[in-house]
Structures are given as structure tokens and as C-alpha cells.
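*Asks:* Take a look at the letters that make up each chain.
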Amino acid sequence: MRTTRAQRFWVSALGLVVAAIFFFPTYWMLTTALKTPGQVLSPAYDLVPLSVTLVNFASALGKAGFLSFLVNSLVVTLGSVACALAAGLLAAVPLARMRFHGRRGFLLLVLVAQLAPLEALFVPMYLIMRDADLLNSLAGLLLVYVAFTLPFTVWTLRGFVKGIPVELDEAAMVDGCGRWGVFRRITLPLLGPGLVSTSVFSFVTAWNEFLYALVFLRDVDKQTLPVWLSSFKTAFGTDWGGVMAASVVYAIPALVFFVLVRRRLLSGGVSGAVKG
Amino acid sequence: MSGVALAATTALALSGCAGSSGSGGQGGGGPRTLTVWLMNGSAPTALTDALHKEFSDSHPGVTVNYEIQQWNGIQDKLTTALAGNDAPDIIEIGNTQAPKFAAAGVLADLTADTARLSGDQWLESLKASGQWDGKQYAVPFYAANREVLYREDMFEQAGIAAPPTSRQQWLDAIGALRAEFGSDPDFQALYLPGQNWYALLSFIYDEGGDLARQDGTAFTATVDSPQAKAGLEFYGQLVEASGTKAPKDADEQTPEQAGIYGGGKVAMMIGLPWEVATAAKTDPGLTELTSAFPIPSKTAGEPAPVFQGGSNLAVPANSADQDLARDYLALMTSARYQGELAEAGMIPGASTDTSALEADPVNAAMAAAAKKGRSVPATPGWASIEAGQNPLKDMLTAYLTGAKDITAATDDANAALNKAFGG
Amino acid sequence: MATPTTAAPPRDTPGAGRRRPRAALGEPAVPYLMLAPAVVVMLALLAWPAVQVLGISFRKLDLGELVRGEVVWVGFDNYAEILTDPVFWSATARTVVFTAAVVAATVALGLGVGVLMRHLGAVVRTLLQISLVLAWATPIVATTTVFQWMFDQEYGILNKTLVLLGFDSFQGHSWFATGASTLTVIGLLVLWQATPFIGFTLYAGLVTTPRDLYEAAAIDGASPWQAFRAVSWPSLRPMLTLVAFLSVLWDFKVFTQVWAIRQGGPDGSSTTLPVLLYLKGISGSHFGVAAAVAVLMLVVLVAVTWRYLRLLVRSPETEL
Numbered sequence: 001m002r003t004t005r006a007q008r009f010w011v012s013a014l015g016l017v018v019a020a021i022f023f024f025p026t027y028w029m030l031t032t033a034l035k036t037p038g039q040v041l042s043p044a045y046d047l048v049p050l051s052v053t054l055v056n057f058a059s060a061l062g063k064a065g066f067l068s069f070l071v072n073s074l075v076v077t078l079g080s081v082a083c084a085l086a087a088g089l090l091a092a093v094p095l096a097r098m099r100f101h102g103r104r105g106f107l108l109l110v111l112v113a114q115l116a117p118l119e120a121l122f123v124p125m126y127l128i129m130r131d132a133d134l135l136n137s138l139a140g141l142l143l144v145y146v147a148f149t150l151p152f153t154v155w156t157l158r159g160f161v162k163g164i165p166v167e168l169d170e171a172a173m174v175d176g177c178g179r180w181g182v183f184r185r186i187t188l189p190l191l192g193p194g195l196v197s198t199s200v201f202s203f204v205t206a207w208n209e210f211l212y213a214l215v216f217l218r219d220v221d222k223q224t225l226p227v228w229l230s231s232f233k234t235a236f237g238t239d240w241g242g243v244m245a246a247s248v249v250y251a252i253p254a255l256v257f258f259v260l261v262r263r264r265l266l267s268g269g270v271s272g273a274v275k276g
Numbered sequence: 001m002s003g004v005a006l007a008a009t010t011a012l013a014l015s016g017c018a019g020s021s022g023s024g025g026q027g028g029g030g031p032r033t034l035t036v037w038l039m040n041g042s043a044p045t046a047l048t049d050a051l052h053k054e055f056s057d058s059h060p061g062v063t064v065n066y067e068i069q070q071w072n073g074i075q076d077k078l079t080t081a082l083a084g085n086d087a088p089d090i091i092e093i094g095n096t097q098a099p100k101f102a103a104a105g106v107l108a109d110l111t112a113d114t115a116r117l118s119g120d121q122w123l124e125s126l127k128a129s130g131q132w133d134g135k136q137y138a139v140p141f142y143a144a145n146r147e148v149l150y151r152e153d154m155f156e157q158a159g160i161a162a163p164p165t166s167r168q169q170w171l172d173a174i175g176a177l178r179a180e181f182g183s184d185p186d187f188q189a190l191y192l193p194g195q196n197w198y199a200l201l202s203f204i205y206d207e208g209g210d211l212a213r214q215d216g217t218a219f220t221a222t223v224d225s226p227q228a229k230a231g232l233e234f235y236g237q238l239v240e241a242s243g244t245k246a247p248k249d250a251d252e253q254t255p256e257q258a259g260i261y262g263g264g265k266v267a268m269m270i271g272l273p274w275e276v277a278t279a280a281k282t283d284p285g286l287t288e289l290t291s292a293f294p295i296p297s298k299t300a301g302e303p304a305p306v307f308q309g310g311s312n313l314a315v316p317a318n319s320a321d322q323d324l325a326r327d328y329l330a331l332m333t334s335a336r337y338q339g340e341l342a343e344a345g346m347i348p349g350a351s352t353d354t355s356a357l358e359a360d361p362v363n364a365a366m367a368a369a370a371k372k373g374r375s376v377p378a379t380p381g382w383a384s385i386e387a388g389q390n391p392l393k394d395m396l397t398a399y400l401t402g403a404k405d406i407t408a409a410t411d412d413a414n415a416a417l418n419k420a421f422g423g
Numbered sequence: 001m002a003t004p005t006t007a008a009p010p011r012d013t014p015g016a017g018r019r020r021p022r023a024a025l026g027e028p029a030v031p032y033l034m035l036a037p038a039v040v041v042m043l044a045l046l047a048w049p050a051v052q053v054l055g056i057s058f059r060k061l062d063l064g065e066l067v068r069g070e071v072v073w074v075g076f077d078n079y080a081e082i083l084t085d086p087v088f089w090s091a092t093a094r095t096v097v098f099t100a101a102v103v104a105a106t107v108a109l110g111l112g113v114g115v116l117m118r119h120l121g122a123v124v125r126t127l128l129q130i131s132l133v134l135a136w137a138t139p140i141v142a143t144t145t146v147f148q149w150m151f152d153q154e155y156g157i158l159n160k161t162l163v164l165l166g167f168d169s170f171q172g173h174s175w176f177a178t179g180a181s182t183l184t185v186i187g188l189l190v191l192w193q194a195t196p197f198i199g200f201t202l203y204a205g206l207v208t209t210p211r212d213l214y215e216a217a218a219i220d221g222a223s224p225w226q227a228f229r230a231v232s233w234p235s236l237r238p239m240l241t242l243v244a245f246l247s248v249l250w251d252f253k254v255f256t257q258v259w260a261i262r263q264g265g266p267d268g269s270s271t272t273l274p275v276l277l278y279l280k281g282i283s284g285s286h287f288g289v290a291a292a293v294a295v296l297m298l299v300v301l302v303a304v305t306w307r308y309l310r311l312l313v314r315s316p317e318t319e320l
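Top to bottom, those sequences are chains V, E and W.
At position 131 of the first sequence (counting the first as 1) the number is 131 in our numbering, and the numbers step up by one without a gap.
At position 144 of the second sequence (counting the first as 1) the number is 144 in our numbering, and the numbers step up by one without a gap.
At position 94 of the third sequence (counting the first as 1) the number is 94 in our numbering, and the numbers step up by one without a gap.
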């Protein structure tokens with residue numbers, strides 16, 4: 001598409017403004033983390049912080065057990081993302097490309113699975129996990145997160161697979177690719193953006209989940225970061241500076257994850273696959 | 001209605017009621033484990049360390065498994081843990097939540113152990129919250145009540161010789177402070193948000209009123225009484241007189257009042273002793289400059305009654321080793337550890353000895369009013385009120401903003417409370 | 001099928017789906033094997049608990065019953081309690097309006113952001129994407145608090161900025177004085193957190209559209225708008241429908257944000273159905289009542305999304 005220099009300038013300017021708006025609450029969280037409690041709500045106009053302290057970060061990172069919480073969270077989150085993607089992809093291809101009995105029934109299951117409010121499910125879920133002897137284990141929590149994110153993953157990936165023109169598959173088949181070859185050479189690269197979208201979704205869901213992590217995991221050395229984040233609240237009030245500093249630290253792995261998958265899946269595959 | 005209540009006691013193989021599932025329960029011999037749940041920040045680490053050592057020494061072969069619980073989501077965690085096959089042996093529950101657990105029959109009856117657990121010295125408000133239908137299910141642990149924290153330097157500058165000891169003196173002090181510092185637009189003589197219902201309770205009690213009337217296990221709200229109305233009116237009078245800029249539709253947590261006080265433009269706030277430490281995080285000098293007096297009463301010379309918040313200790317009915325748990329409770333409510341709680345700045349729940357609090361004026365003011373401590377109605381229905389939509393908060397906001405007149409505001413709150421007590 | 005005038009299109013013919021060639025790509029067992037892992041997880045950890053919730057909604061399941069493992073059937077008592085409470089009906093209406101507004105706003109904004117990303121240079125696009133991911137990934141406990149601070153009546157940066165810009169009436173303005181205003185702030189918070197996902201998904205859809213098609217359109221002399229209509233829109237439409245539908249599900253069930261801001265206040269005027277579920281059920285450990293509210297929520301949700309659901313049920317071919 002032909003665009004003039006002026007057009008490109010205005011589009012970039014608009015992009016920057018939108019980026020700034022979306023960044024603002026995060027910015028506010030960051031500056032709050034750099035403030036002393038009294039500056040958090042002060043009568044002064046403080047769009048730019050008037051002074052800066054690192055006390056909150058020191059106290060957040062110095063809190064006992066941070067590393068073990070971090071490792072647990074990463075294990076559960078990355079594990080559930082991998083499982084949800086694998087199971088989701090496996091299910092998405094036949095749903096989009098094949099005709100078989102029970103397809104509609106399965107789609108209905110996927111759909112209905114997303115209707116129920118999760119807050120209401122936690123008592124039966126607890127009983128199921130207890131009877132399966134999966135309480136107090138990271139594997140149990142991982143399974144729960146897979147269940148939470150799977151319907152969405154299946155559905156979205158199915159949409160992406162459907163979006164790939166069947167002609168591409170057929171052309172590749174003509175070129176002598178087997179079904180696996182079609183999947184690897186055509187489907188998978190074209191699914192890149194869909195995989196990014198669903199994996200980031202799964203990551204964020206699992207990374208932020210609090211209630212089930214709290215209730216299902218009993219031992220301190222098994223707990224995850226959201227539980228750690230809640231430990232800033234004590235009988236003597238909440239250390240908000242600490243919460244904000246911890247939240248900044250907390251958001252970093254999610255950002256790193258996004259940057260990693262984006263590089264791998266978004267920039268590389270797509271154009272090449274389509275053109276080649 | 002179509003309610004056919006078929007009470008089937010068929011168990012879902014639900015729990016370790018039989019007591020055989022845990023590692024304990026074998027009575028004598030063998031290794032035993034006692035699982036203790038206390039809330040984050042409630043008892044100082046030094047106290048629990050010493051306590052667990054002493055307990056282990058006197059109970060050879062017993063391992064104390066100490067698990068600190070977070071405040072967020074504690075209701076859900078307790079609920080599921082009590083239903084699980086590995087229930088803790090000791091739990092700490094907030095005094096306003098205790099009736100819910102006591103009434104549900106999920107706690108062990110401790111009535112027979114009262115004497116062992118220093119029952120003669122129990123704090124009245126906490127004792128009441130652990131009772132249900134004449135039996136004691138939860139024992140007092142510690143409590144705290146609100147007081148007026150104030151800036152000594154500002155009082156001195158405004159020429160206030162001594163802290164107020166009556167409502168009238170309190171209002172006079174506010175007047176003097178405003179006269180002295182009023183030229184600063186950011187100054188507030190008293191920071192009082194519209195929904196500090198703990199303060200309101202104090203005023204209502206002081207007028208001779210209460211939230212509800214108890215009849216056995218039934219409660220009837222009495223917020224529409226003339227006494228309650230008088231308490232509400234005094235709240236309005238304070239807001240008016242102080243010219244506070246605090247929001248009328250929020251409580252003292254949003255925004256956190258200690259942070260505002262820390263900004264140095266506030267002469268008084270109604271709060272808990274440790275809020276000074278929060279304020280000092282902004283301005284360490286405030287620790288020196290801050291003192292406290294009990295919430296003044298209508299009656300000159302004596303403190304007003306106060307709402308006491310705090311914690312109770314209980315033994316879950318599903319605990320595998322309830323005798324061991326009772327031993328632990330006995331140690332915890334003993335003079336030594338109750339004294340350490342007082343030293344840590346809390347009102348001990350099972351000891352009348354508050355002398356450790358006298359050294360610090362901020363703690364002393366809390367202790368002075370502690371004997372007149374009260375708690376909210378000991379009904380399971382209070383748990384939902386506490387969890388979220390508190391009719392008293394809505395009543396305060398409606399009255400203070402003029403959205404409702406005092407009769408409508410109190411009538412609505414009374415109806416809402418009765419509804420909550422019923423369910 | 002006797003009269004030609006009523007000859008139905010094939011998709012309305014009962015059994016049309018069954019007559020299609022099965023497993024066009026191979027042996028009949030393959031699709032089932034591929035679906036198996038997903039089916040097992042979803043049946044065991046979503047469908048089964050959901051069925052149990054339905055059962056629990058006919059029981060009295062308070063703390064005591066749960067701990068002692070008692071099963072006490074009460075018929076429709078829980079439903080009667082909820083349905084006779086006027087609060088339920090006002091909360092339902094409120095939730096539907098709130099959901100509709102937030103979904104419309106998120107989808108519109110998400111589409112804008114997605115299209116914008118498509119047209120941005122690499123540097124600005126990366127900046128935009130990072131700010132979006134941060135908005136998405138920041139823990140809710142932090143964002144709800146930050147929003148409360150930004151909207152604080154006395155010290156919030158918003159009111160201070162408005163006053164600075166000359167809007168003096170915002171001095172000490174309370175954004176939480178009415179239910180509508182409170183829900184607007186909550187809506188903004190949800191909008192801020194939900195837009196990134198929709199933006200990314202739609203952007204992904206746009207990128208998947210082969211570039212060649214755009215080039216072809218450009219050669220044909222199409223304006224950007226025409227190119228968008230002709231090339232992007234057809235592939236975007238099903239995806240938009242999908243994210244709109246998913247947004248309805250999520251926004252309808254939003255609890256944490258609504259609760260954290262004002263616990264459904266002031267005076268219950270920002271109480272949505274999930275808040276009601278928490279207040280009536282979870283907070284007092286009345287899990288039977290909570291389950292009944294959950295079931296009723298499901299009914300409302302099905303009613304709201306009925307058209308879309310019917311499309312799915314009626315025709316397996318439809319682009320969902």
C-alpha cells in the first residue's frame with residue numbers, strides 16, 4: 001500500500017498517543033513504587049515523581065521466599081501454557097478441517113465450558129482434586145489452569161486454522177507433502193500469531209490466578225507469586241509501596257515471555273511462509 | 001415454599017472425621033504433629049518461636065507445624081481446609097467471623113476447658129464473639145481498639161493544654177486548631193472519612209445504644225433507636241466542625257488515612273496505635289510528635305466505649321489431635337505469652353494485665369478504653385456484612401451527603417441489618 | 001420437500017451434517033485421538049464440576065454441611081430465595097447493560113488498536129505492544145488500587161489534572177458517589193485490561209491475511225478503506241464475532257475488579273451478578289445459594305448470547 005510521509009507521521013503519532021494512554025496506569029504503578037507512603041496521595045501535582053526511593057523494591061525483593069515463589073509460578077505457568085497449546089492445537093486441526101461425528105457436541109462442550117463462573121466452581125473443584133489426591137501439588141494446579149485456558153485455546157486456534165485457505169494445504173499436498181508435512185510447513189507457521197495470542201492469554205491467566213493457588217496449595221514452599229503478593233497485607237495494614245514494587249517485579253516475566261514468543265513466532269514465520 | 005428438607009446424613013466420604021487420616025491421633029507414643037495456623041503479622045515471630053520451643057520441650061515427640069496464613073481469601077481457605085482430610089489443629093479467626101464458624105458446628109466445644117485457658121481473665125468482647133448458644137467455641141487471642149491519634153506539637157501551638165476528655169472539649173480543640181492553622185488550605189484538624197463505622201459504633205455505644213438486641217441466638221437490629229440516631233448526629237457534627245476533606249463515600253482505608261496523616265497536614269485521626277508506624281514511613285519524625293487519647297465520651301472524664309477488633313483461637317472439629325491442640329491453647333493463653341502480646345502493642349485477649357502497654361502513651365490510650373470494649377452482634381450473619389456491603393457505611397454516606405434524612409438512613413440500615421441477621 | 005417454494009437450503013435440512021463425507025482427510029479414528037486430551041481435561045475439570053454445581057444448587061450446603069459431608073436437599077428453596085429478592089433483578093439488568101457497554105467499547109477499541117498496529121512502523125509498534133502487554137499482565141490487585149488512586153477525589157491525579165486545566169468543578173469531585181459513575185470507572189479499568197487481548201487477536205488475524213492480497217488491491221487502485229473492506233474485513237469478521245462473544249462471557253463474569261473498587265457500592269448500586277453471588281453465597285459460606293446464583297447467571301448468559309449459540313447449534317458449517 002502506498003502511504004505518504006505525512007500519513008506515516010500521523011499514524012506513528014497516533015500510535016504513540018495510544019501507547020501512552022495504555023502505559024499510563026502502569027507508569028503510575030511504577031512511580032508509586034518509587035514513592036514514600038506519604039507521597040502516594042499528596043496534594044502536590046506530581047505527574048512526574050518529586051523524589052525517588054528504592055526502599056519499596058528492596059523490601060519487596062527482600063521478602064522471604066521470593067525465589068521459590070517465582071520458580072513455582074514459572075513451572076506452573078509455563079507448564080500449563082505448553083499443555084494447553086499442545087492439547088489445543090491437537091484439537092483445533094480436526095475441528096477446523098475434518099468432518100466427524102460428535103464434532104458439534106464437542107464444540108458445544110467447549111462453549112458451555114466457558115459460561116460457568118469460576119468463583120462458583122471452586123468448591124466442587126476442591127472436592128475433585130482432594131479425591132484425586134492432587135491437592136497441595138503443583139501438577140494439580142497446572143491441570144486446573146490447563147482446564148481454564150483450554151476452551152479458549154481450542155476455539156481460537158480452530159478459528160486460525162480455518163482462516164488458512166484450504167488451497168494452500170491442497171497445493172502443498174500436490175507438491176508431495178504428507179499430512180504432517182502440511183501441518184509443519186503450512187499450518188504451523190501460519191498459526192504463529194494465533195499461537196502468540198493464545199499462549200500469552202494462557203500465560204497471563206495462569207500467572208495472575210490467586211484463589212485456586214491459595215486454596216489448593218498448602219505448603220509455603222509450593223505457593224505461587226499471587227499468594228506472595230497478598231502477603232503484603234497484614235493485620236497492621238497493607239504495605240502499598242511494597243505491593244506496587246512487587247507488582248512491577250511481577251509483571252516483568254510476563255513481558256519477557258511476550259517478547260520471546262513474539263520474536264519466535266510473529267516476525268519470523270509468517271511472511272516467509274506465505275511468500276515461499 | 002416447596003422446600004422439602006430431606007436431611008440425609010449420607011457422607012460423601014468427605015472428611016477425616018474419624019481422625020485416622022492424619023499423622024497424629026494415635027494417642028500416646030509415636031511421632032505426632034500439631035498444625036497451627038496463625039494470620040500474617042498477628043503474633044510476633046519472637047513470640048511464636050519461643051512458644052513452639054516450650055511446647056515441643058514439654059511434649060516430646062511432637063512436631064509443631066506452623067503455617068502463616070494470608071488475609072486475602074482466608075475465608076475460602078479456612079472453609080476448604082476445615083472440610084479437608086488434613087484439617088489444621090489450631091486456627092486463628094477474626095472476632096467478627098468467629099460466630100459464623102461457631103454456629104456452623106465445625107469447631108470443637110471448649111466450654112469445659114475455660115478454666116485451663118485463663119477463662120477468668122478473658123476480654124469480654126472477644127469472649128462474646130466466640131460463644132454460640134451458651135457454649136464457648138473460640139477463645140480470645142488479642143484485640144485492639146481505636147483511639148484519637150494527635151499531633152502534640154500542633155496542640156501545643158494552638159494552645160490546647162491537655163488532651164480532650166469530653167466531647168465538648170474535643171470540639172473546642174478542633175476549633176482552636178482550625179483558628180491556628182486554618183489559613184493553610186491543606187490543613188485538616190481531624191481527618192474523618194465518611195465511612196469510619198468503627199468510630200460511629202463508639203458514638204452509638206456512648207449514647208447508650210447498640211447495633212442489635214440479642215435474644216438467645218436471635219438478633220434484632222436497633223440502629224433506628226434514638227441513641228443510635230444521636231450517635232450518627234454526633235458523627236455529622238464532627239465532620240462539620242473539623243472541615244475534613246476526607247471522602248464521604250469511603251472508609252479509612254481508601255485512601256489509607258495513615259498516609260494522609262503522614263503528609264503532615266493533619267492534626268488528628270481516629271485510628272489504631274500502629275498506624276503511627278505507617279505514617280512514620282513517610283515522615284519518621286511523626287513518631288516523636290504523635291500521641292493519643294481515648295475517644296472522648298459525652299460524660300466528661302471517662303473514655304467512650306469502643307468497638308474492639310481482634311482474633312480468636314479455635315480448634316477445628318476435624319482436628320486429628322484435639323487434646324494436643326487444647327494443651328497448645330493453654331500455653332498460648334498463659335500469662336507469659338499474653339504478656340508478650342501486650343508488649344508487642346496489642347490488648348491481650350486472655351489476660352487483664354495491660355501494664356506492658358502503659359509505657360507508650362499511644363498504647364496507653366488504647367488500653368485506657370479497652371475495658372469498655374464491645375464487639376458487633378455475635379451472629380453468623382455478620383460475616384457477610386463484614387465481607388462487603390456494610391449497611392452502616394451506606395447509612396453514614398447517605399446521611400452525611402444529605403441523600404437521606406436521618407430517619408430514612410437509619411430505617412434503611414436497620415432493615416438491611418435485620419435481613420443479614422436472618423440469612 | 002414437496003413444493004419447490006419451500007425447498008430449504010441444505011444447511012436447514014435435518015441430518016445435512018451427517019451426510020457429509022466423514023473424515024475427508026483420513027481414517028475415522030484420527031480426529032477422536034486428536035481430541036482426546038482436550039476432551040478428558042474439559043470433562044473432568046470443567047463439565048463435571050459444573051454438573052456438581054447444578055446439584056449443589058438444590059442443596060443446603062453451608063459451612064457445617066460441607067465440613068460434615070452432609071447432603072441436605074432443599075428443592076427449589078435457593079432459587080426461590082434469589083428470585084424473590086428484588087436485588088437480583090436489578091443486578092441482572094445492571095450486569096447486562098454493563099456487559100453490553102464494556103463489550104462494545106472493548107471490541108471497537110481493540111479493532112482500532114489492531115488495525116493501528118498493522119500500519120505502524122516497527123519501533124512504534126513495539127512500544128505500543130509493550131504498553132499493551134504491561135496493561136494486560138499487571139496483577140489485578142495492583143491495577144485496581146492504582147485506579148482508585150488515580151480517581152481519588154482529593155489527591156487523585158485525574159482531578160488534579162482537570163483542575164489544572166481549568167475545570168474547577170472537579171475539585172473534590174467524587175467518582176464513586178453514584179453507581180453509574182462507579183461502574184464507569186470499573187468499565188474503564190476492564191476496558192484497559194481487556195483491550196490488549198482483543199487488539200492482539202485481531203492484529204494476528206490481520207497479519208495472517210496474506211500481504212499479496214493487499215498488494216493486489218493496491219494495484220487495483222483501492223483506497224485504504226476499500227482495501228480494508230475488501231481484504232481484511234472478510235477474514236476479520238468471524239474473528240470479531242468470536243472476540244465479541246468471548247468478551248461477553250468474560251465481562252459478564254467480571255468480579256475482582258468490581259469488588260475491589262467499591263464492593264458493589266455505594267448502597268449496592270454497582271452490584272453486578274458476580275458480586276451478588278459472592279455476597280449471598282460465598283461470603284456467608286452458603287454454597288447452595290452461590291450455586292443457584294451461578295446457575296441463574298448461566299441462564300441469563302445463555303439468553304443474552306442466544307442468537308450466537310443457535311447459529312452454532314443449528315449449523316455446523318458456520319464460521320464460528
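Treat the hints with care, as some may be off.
Unchecked claim - Straight-line alpha carbon distances no greater than 20 Å define the calculated EDC-like cross-link-like pairs of lysine to aspartate or glutamate that follow:
(1) V:LYS222 to E:ASP251
(2) E:LYS404 to E:ASP184
(3) V:LYS222 to E:ASP76
(4) E:LYS419 to W:ASP85
In case anyone wonders, no lab produced these hints; they're calculated from the structure.
*Asks:* Compare the structure with each hint and give your call.
*Replies:* Verification of the supplied hints:
1. In summary, the hint linking LYS222 of chain V to ASP251 of chain E is not supported, as the alpha carbons are separated by about 35 Å, beyond the 20 Å threshold.
2. Only pairs whose Cα atoms come within 20 Å are accepted, and LYS404 of chain E paired with ASP184 of chain E is rejected, the gap being roughly 32 Å.
3. Restraint check for LYS222 of chain V and ASP76 of chain E: satisfied, since their Cα atoms lie roughly 18 Å apart, inside the 20 Å limit.
4. Using a Cα cut-off of 20 Å, the hinted pair LYS419 of chain E and ASP85 of chain W holds, with the two alpha carbons roughly 11 Å apart.
Of the hints listed earlier, those the structure fails to meet are numbers 1 and 2, in rising order.
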